[in-house]
Structure formats: structure tokens, C-alpha cells
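Going down the list, the sequences are from chains B and C.
In this text, residue positions in the first sequence follow my numbering: the first is 1, and each later residue adds one.
In this text, residue positions in the second sequence follow my numbering: the first is 258, and each later residue adds one.
Hints listed in this document are in silico derivations from the structure and should not be mistaken for laboratory results.
Fair warning: there could be bad hints in the mix.
Unchecked claim - Derived EDC-like pairs (lysine to aspartate or glutamate); straight-line CA-CA distance at most 20 Å:
id, chain 1, residue 1, chain 2, residue 2
1, C, Lys296, B, Glu44
2, C, Lys541, B, Asp247
3, C, Lys296, C, Glu545
4, C, Lys541, B, Asp5
As the list claims (entries may be wrong) - Negatives, chain B to chain C, calculated, CB over 10 Å:
id, residue
5, Asp47
6, Thr176
7, His202
Heads up, the beta-carbon is just placed ideally off N, CA and C, and yes, glycines get one too.
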Amino acid sequence: MRSLDVEVTESARLYGDTHVLWMTRPPHLANATPGQFVMVYIGEHTDPLLGRAFSIHRTREGEQGPEFAVLFDVVGRGTEWLSRREPGDAVRVVGPLGRGFEPRERVQRMLLVGGGIGCAPLIWLADRLIEEGREVTLLLGGRTEAQIFPAAQLPPAVELIATTEDGSLGTRGLVTKPFEELLPWSDQVFACGPNRMFEAMHDVARRSGLRKPIQALLEGTMACGMGICYSCAVFPRRGGVRLICTDGPMFDLRDLY
Amino acid sequence: MAHVDLSVTLAAGQKQELRLRNPVMVASGTFSNGIEFAKRFDVDELGAIVSKGTTLRPRRGNPVPRTVETPSGMINSIGFQNVGVGTLVSEVAPVWARWQAPVLVNIMGETLAEYGQLAQRLDGVPGVAGLEVNISCPNVEAGGLEFGQDPLLAADVTREVRRHTALPMSVKVTPGVTDLRPIVAAVSDAGADAITVMNTVPAMAIDVRARRPVLATAFGGLSGPAVKPIALRLVYLAASVTNLPILAAGGVSSGLDAVEFLMAGASAIQVGTATFRDPQAPWKVLAELREWCEREGVSSIGEIVGVARRRD
Ligand SMILES: Cc1cc2nc3c(=O)[nH]c(=O)nc-3n(C[C@H](O)[C@H](O)[C@H](O)COP(=O)(O)O)c2cc1C
Ligand code: FES
């Protein structure tokens with residue numbers, strides 16, 4: 001949990017308005033799993049003050065050793081600053097943090113569902129699952145084509161199904177409909193996206209009566225990312241309170257709704 | 258390099274005198290109960306740990322959003338999410354008992370009687386080295402802040418806690434008053450062993466697009482570097498009306514910040530929001546403070562406490 005300076009190795013707009021930032025991977029990030037996140041601290045001074053949480057998007061072997069990436073849309077001062085980092089720049093990070101996805105052993109058909117920038121952690125999960133020899137269907141939804149992660153960047157074995165709200169790519173509409181069709185096929189479901197997507201998926205799953213586990217990565221307002229500020233509360237339907245950053249960010253949807 | 262004596266004593270000469278090996282503490286609510294951090298960092302190097310604000314019964318806290326970032330600061334309205342004093346005593350205190358660093362439990366009652374009950378439950382519990390009595394939380398409907406805005410009520414709370422425990426106790430005050438001095442004077446006379454200055458500054462932020470407050474509770478408390486000048490002045494003022502040690506909180510992020518507070522009259526400092534930006538912040542503040550003392554030829558921290566004060 002020590003904060004460390006890492007070096008930017010590549011910074012690029014990958015598609016639409018979505019950036020990817022590759023950095024050298026500190027040794028203790030080697031054991032990270034898909035769904036875990038890092039806190040990235042913005043600027044050298046105190047404004048902006050707080051770190052930003054990013055899912056680990058991917059890892060790779062770079063020229064100077066292992067690297068990891070974060071994927072983001074420029075939505076505020078933090079991501080704007082981050083999008084201007086160049087190779088050689090230092091960025092301070094803490095991680096890996098939180099509890100990531102937990103694919104079950106000996107199951108084969110993996111359904112990954114992402115909304116918008118929620119695809120970020122699913123790409124790494126897909127990489128891993130394909131390496132393990134499993135079947136992966138990646139269902140991605142966005143407002144428009146520019147928001148859909150490019151198929152060319154995925155392992156060829158991944159089956160990509162896209163939906164867009166304006167119909168510019170794939171089926172027109174939300175991910176909910178193809179999700180309903182694919183649910184019976186799947187052994188396990190992993191999701192990341194906005195809360196209303198989770199609610200819709202939970203509804204579909206409940207109505208199906210199939211009792212399929214859905215592991216969802218939750219987002220919430222974070223100040224520390226390390227379980228010390230209690231900013232990131234989530235209130236499960238059955239009572240109590242959990243922290244997204246340490247109890248999650250991965251939760252079984254049935255434990256929440 | 259000459260050895261610097263960084264130690265600080267609270268409740269000096271009393272039965273439960275509390276000696277801190279150095280003046281760097283962590284602030285309540287910014288370190289949880291320290292259990293997770295203690296697995297990764299050496300908490301025993303710190304002067305003291307202050308627990309998350311603890312109430313008689315467990316609380317789920319306020320709805321979200323609970324925090325919002327502001328220029329060089331943040332506003333929070335956590336609302337005392339905590340496990341309650343029962344679980345704290347049975348599950349958390351036994352872990353603290355294995356640490357060398359003393360732990361002060363930050364307590365908040367909704368009524369006067371609850372403050373007494375909390376003190377009683379914590380008295381004599383191994384692992385609990387002292388209390389920090391919160392009469393300054395802006396984020397709950399009942400209790401907290403209202404006790405901290407009236408010198409008579411503040412003194413009542415102090416006496417009620419004192420009646421139920423011999424533990425060293427610091428009373429934590431709010432910047433949300435016109436004049437802090439009568440309150441500091443009143444709690445000093447009522448039996449406090451130290452004064453914590455200060456809690457967060459009442460504040461809010463508006464979401465322009467949604468046309469409503471950002472925080473679910475509308476108001477919260479501002480903390481971080483933005484409030485440091487406010488806290489410094491209040492420490493300076495408090496030191497003019499009490500001889501008790503002052504524990505300073507408000508934007509401390511570096512060794513030099515700590516030095517400023519010590520010069521204003523604080524005996525110890527608490528690192529709060531800075532830890533959110535860097536988990537090692539309390540240890541860095543300590544290392545920088547020690548280096549500064551060595552560089553400046555300060556051999557004991559007492560030499561600089563209050564030196565910036567006008568002697569008139
Ligand atoms: C997220 C958060 C939670 C806090 N919770 C408590 C609390 O439970 N009890 C308390 O007395 N003060 C609480 N505080 C106030 C801090 O202990 C401290 O007095 C204040 O934040 C100023 O110091 P700082 O600027 O270094 O954070 C909290 C502050 C923050 C930011
Ligand atoms: S973000 Fe601070 S506790 Fe989760």
C-alpha cells in the first residue's frame with residue numbers, strides 16, 4: 001500500500017475520446033487480479049487534492065520490463081491532467097487495491113458485460129480467461145460507436161457483441177436485451193458499468209429464475225481508496241453498510257439488490 | 258547528528274499520564290481504526306492513533322455522496338459510520354493492546370448521558386490509552402456540534418466524561434463558533450487534559466448541473482490544506498486561554514506545517530486528510546519534523562512550542 005512513483009511509457013488516445021496510459025509496473029502489482037484498482041495521484045501539489053481510482057486495464061511486457069495500463073475518458077481535472085502525461089513522466093500510484101473478480105474454477109462459458117468506460121477492467125479479465133482456455137463473450141454497450149472498445153485490440157478468440165444507443169455499431173439499444181439472450185448460455189457473469197445497468201441486469205437475472213451469479217464492479221465517490229475515510233459506502237438491501245474500496249469493488253449483485 | 262527529544266506528555270503529573278514518543282498523531286476519521294494500516298506500516302513509530310468516531314450503538318452513517326473534493330481540500334459528511342462501542346471493545350481494542358502506540362478513542366454522544374456511558378464502557382479497557390471527546394462533529398442531527406457551540410454545555414460534557422473515567426481525555430472543538438476562547442476555557446476548567454483544535458469547518462458545495470447540493474446531507478465539514486490557516490489561528494487563540502496541551506488538526510501535510518502549529522502553541526499535531534493523498538503522510542510528517550529539528554539545532558520539541566506567540 002506504499003505510494004510509489006512509476007514511469008509513463010505510453011500515452012495515447014485509443015479510440016473515441018478514450019485514453020490509455022501505460023506505466024512501469026512496480027513489483028508488488030505483479031499479483032494483482034482483474035477488477036482490482038489503483039489510486040493515481042494528480043499533480044505535485046494539493047489541488048486537485050485527492051487520488052483517482054482506476055481499474056487496472058491491462059498488463060504487458062514492455063521494453064524495460066512489465067507494464068500496466070489504465071483506460072479513461074477525460075471527464076474532469078484529474079483525467080485531463082493524466083491525459084497530458086508523456087513517456088518519461090512520473091506518476092504516483094498506490095495499489096493493487098480492493099477485491100477483484102473471482103472466476104470459478106472448472107467453468108467454461110464466461111459472459112463479460114461492460115457499459116461505456118466500464119469495459120476497462122473487463123479487457124484484462126478477457127485476456128486472462130482466454131489464456132486459461134475458457135470461452136469468452138464480451139458484451140459492450142455505449143451511446144455511440146466511438147465508445148466501444150475496438151475489436152482489433154482484443155484477443156481473437158473473444159467474441160465481441162456491441163450495442164449502441166444510436167445504432168452506429170451493433171444492435172441499437174442497451175446491453176440488457178443481448179444479456180437476456182446470452183444469460184442461459186453463460187456459466188458465470190462479470191459486469192462493470194453504471195448502476196442502472198446493474199439494476200437492469202439484476203432484474204433480468206431474477207426474472208430468468210436461473211440463479212446465475214453476477215459479479216459486478218461498483219463505482220462510488222472515493223476519497224482514499226484504502227478503507228480509511230468511509231466515503232464509498234454502499235447499503236445492501238438486507239441491511240448493513242459496506243465499503244466499495246475494501247469490501248469490493250466486486251460484489252455479487254444478489255448481495256446488493 | 259544530535260538526538261532530538263520529540264516526546265510529549267499529556268495529563269502530566271496525573272494518575273494516567275500519557276507519554277507520546279513524538280508529537281505526530283493521526284486524526285480521527287482519517288485512519289479508520291488503524292487495523293489495516295498496522296498490517297502494512299509501523300504504527301508504533303507514531304505518537305498516537307485516534308480512532309474513528311465511536312458511538313454507543315453501531316451506525317450506518319449518512320447516505321452517499323458523502324465527500325466532495327474542493328480546492329486543496331474536501332468536504333465530508335460521513336455521519337459516524339462505526340461499529341459501536343461494544344464491538345470496538347470486544348474486537349478492536351484487543352488488537353490495539355498489542356501496539357506500543359497509544360490509541361485515543363474518539364467518542365460522540367447524542368445526549369449528555371451517552372457521553373458518560375461511552376466513557377464508562379471504555380474505562381480500564383486494555384488497548385484504550387485515552388479519549389478524545391468529540392463535541393464538534395457537523396455531520397449528525399443530534400449531539401456532536403451543539404455541545405461544542407455553548408461553553409456551559411461543553412463543560413457539562415467534559416465533567417460527565419471525567420466523572421466516568423480516569424483516562425486522559427482531550428476535548429475536540431469546532432471552528433464553527435464566533436469565539437473559541439470561552440469554550441476552551443470552560444472545558445479546561447471542567448477537567449479536560451488536552452484540547453484538540455480543530456474539527457472540520459462547516460461547508461458545502463453545489464452541483465451546478467443538477468442544481469442541488471453535492472452532498473446527500475447538503476452540508477459537511479471542510480478539511481485539508483485549505484483549512485490550515487484557520488486552524489493555526491484557532492490554536493494560537495486557544496493557547497491564550499489554556500495551559501493544557503493542544504493537539505492541532507487542520508491541513509497538516511508536511512513537517513513544516515507541523516512546525517507552524519507547534520510554534521503557534523500546539524504540543525502535538527494530527528495528520529488527517531493528507532493521509533488520503535499519501536498513505537505514508539503521517540510518517541513523512543514525522544521524518545520531516547525530526548530533520549527540521551536536527552537542522553535547526555532544536556534538541557527538544559518543547560523549545561519551539563508557542564515560540565511564535567506574542568509575549569504581551
Ligand atoms: C473523512 C473524514 C472523517 C472524519 N471523521 C471524524 C470523526 O469521526 N471524529 C472527529 O472528531 N473528527 C473527524 N474528522 C475530522 C478530522 O479528525 C480533523 O479534525 C479534520 O479533518 C482536520 O484535519 P485535516 O485537515 O488534517 O483533515 C474527519 C475528517 C474527515 C476528512
Ligand atoms: S474511499 Fe475511503 S473508505 Fe473507501
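Hints, one by one, checked against the model:
Among the hinted pairs, Lys296 (chain C) with Glu44 (chain B) is inconsistent with the structure: their alpha-carbon atoms are about 28 Å apart, more than 20 Å. Pair hint Lys541 (chain C) plus Asp247 (chain B) does not hold up; C-alpha atoms about 28 Å apart against a cutoff of 20 Å. Distance hint between Lys296 (chain C) and Glu545 (chain C) is unfulfilled; the C-alpha atoms sit about 23 Å from each other, more than 20 Å. Proximity of Lys541 (chain C) to Asp5 (chain B) is assessed by CA-CA distance (about 16 Å); at most 20 Å being required, the pair is judged to hold.
For Asp47 (chain B), the non-interface assignment is contradicted: its Cβ lies about 5 Å from the closest Cβ of chain C, within the 10 Å cut-off. Under the 10 Å C-beta cut-off, the non-interface status given to Thr176 (chain B) relative to chain C holds; the minimum distance is some 25 Å. With 10 Å as the threshold on Cβ separation, the claim that His202 (chain B) sits away from chain C holds: the shortest Cβ distance comes to roughly 19 Å.
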